[in-house]
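Peer 1: Here our numbering is used: the first residue of the sequence shown is 2, the next is one more, and so on.
Simulated from the structure, these hints should not be mistaken for lab results.
Just so you know, not all the hints are guaranteed correct.
Unchecked claim - Cβ pair distances, simulated, as ranges: (1) V10 <-> W38: 28 to 34 Å; (2) E95 <-> V10: 19 to 25 Å; (3) L12 <-> M140: 17 to 23 Å; (4) D117 <-> K139: 30 to 36 Å; (5) P101 <-> Q18: 27 to 33 Å.
Ideal placement from N, C-alpha and C gives every residue a C-beta, glycine not left out.
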Amino acid sequence: MMVETTGPVLLSGGNPQIPKGHGDAPVRAYIAAMPGWKQDVGRRLDELITAALPGVCKAVKWNSPFYGMQQGLWFLSFHCMTRYIKVAFFRGAELQPMPPVGSKQPLVRYLHVAGDGAFDEAQFTDWVGQASRLPGEKM
């Protein structure tokens with residue numbers, strides 16, 4: 002018996018499985034597939050990043066949106082977890098103040114946006130600006 006699925010498969014934590022791709026369209030597809038409250042947060046993160054950096058490069062890699070100042074060199078990504086969205090600043094230890102959550106990787110810092118969707122948008126936008134001026138990470 003064949004079961005038809007509508008839309009992307011949701012992986013662990015509700016993270017959408019989206020094919021790799023460069024540009025705005027794959028990122029929009031990822032955000033559209035984010036479940037529940039996570040979709041509104043994903044849309045807002047993308048809006049804030051794009052407003053702060055109108056020429057930002059975008060891609061979906063490893064089922065996560067990536068943002069950089071040039072294709073192939075990234076400063077930020079986000080990923081759906083069960084209870085929050087994990088925003089990764091790849092050189093977050095160099096941001097002032099540092100994003101609140103540490104990583105096993107010394108330079109990486111995270112911002113977790115929980116189910117209420119509340120986060121300091123001004124601080125996030127400042128971090129995006131700072132991160133965009135640092136060398137990007139090749140991934």
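Peer 1: Each hint should be assessed against the structure and marked as holding or not.
Peer 2: Hints versus structure:
In this structure, V10 and W38 break the distance hint of 28 to 34 Å, their C-beta atoms being roughly 20 Å apart. Roughly 36 Å separates the CB atoms of E95 and V10, a value that falls outside the hinted 19 to 25 Å. Checked against the hint of 17 to 23 Å, the C-beta distance between L12 and M140 comes to roughly 19 Å, which is consistent with it. The beta-carbon spacing between D117 and K139, approximately 35 Å, falls within the hinted interval of 30 to 36 Å.
Separated by about 28 Å at the C-beta atoms, P101 and Q18 satisfy the suggested range of 27 to 33 Å.
Of the hints listed earlier, those the structure fails to meet are numbers 1, 2, in rising order.
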